[in-house]
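S.K.: Sequence:
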Amino acid sequence: MTAHPKDPKPAYEPSDDLKQAEQEMNDAWDAYERKRHAYRKVIAEELRASGLSQGKMAAHLPYTEETVRDIAREYGVAPKRKPTVKSIKD
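With the sequence shown counted from 1, adding 102 to any position gets you this note's numbering.
Check each hint, because a few of them may be wrong.
Cross-link-like lysine-lysine pairs, in silico, DSSO-like; alpha carbons within 30 Å at most [said to hold, decoys possible]:
(1) 158 / 143
(2) 137 / 188
(3) 158 / 188
(4) 121 / 111
(5) 143 / 184
(6) 182 / 158
(7) 137 / 121
(8) 143 / 111
So the derived label-pair ranges between C-beta atoms look like this [as the list claims (entries may be wrong)]:
(9) 184 / 128: 43 to 51 Å
(10) 136 / 166: 18 to 26 Å
(11) 157 / 124: 35 to 43 Å
(12) 182 / 120: 47 to 55 Å
(13) 131 / 184: 34 to 42 Å
Read the hints as simulated data drawn from the structure, not as lab findings. All C-beta atoms in this analysis are idealised placements derived from N, C-alpha and C, irrespective of residue type, glycine included.
Please model the complete structure; the sequences and the hints are all you need to start from.
M.R.: Pasting the structure below:
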C-alpha cells in the first residue's frame, strides 16, 4: 500500500556533513565581509590622502565612480569640489 499524500513526512535531521558545510560557508561569508569592509576603508583613506578625485581613483579600482563616491560618503571623505547642482528646496 502506498502512503497517502497527506500523511506527515518523517522528521528530517541534517547530517553532520551538511551542518559542517553550512558552518564553513558562514565562516567564509563572515571573512569575506570583514575583508570587504577593510578594503573599502583603505580605499577611503587612500582617496583622502592622495588628493585624487573619485573618478580618477575609480580608474585604478574594479569599481565604478559611483561606487567610489558611495565609499567616500560612507567614510566621510569630502568631494574635491562642491556640487554644481542645488536642491530645489533651497
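S.K.: Give a verdict on every hint.
M.R.: Results of checking the hints against the structure:
no.: 1; hint: 158 / 143; in the structure: holds, 17 Å
no.: 2; hint: 137 / 188; in the structure: violated, 36 Å
no.: 3; hint: 158 / 188; in the structure: holds, 24 Å
no.: 4; hint: 121 / 111; in the structure: holds, 21 Å
no.: 5; hint: 143 / 184; in the structure: holds, 23 Å
no.: 6; hint: 182 / 158; in the structure: holds, 11 Å
no.: 7; hint: 137 / 121; in the structure: holds, 24 Å
no.: 8; hint: 143 / 111; in the structure: violated, 50 Å
no.: 9; hint: 184 / 128: 43 to 51 Å; in the structure: holds, 44 Å
no.: 10; hint: 136 / 166: 18 to 26 Å; in the structure: holds, 23 Å
no.: 11; hint: 157 / 124: 35 to 43 Å; in the structure: holds, 42 Å
no.: 12; hint: 182 / 120: 47 to 55 Å; in the structure: holds, 51 Å
no.: 13; hint: 131 / 184: 34 to 42 Å; in the structure: holds, 39 Å
In summary, the numbered hints that this structure violates are 2 and 8.
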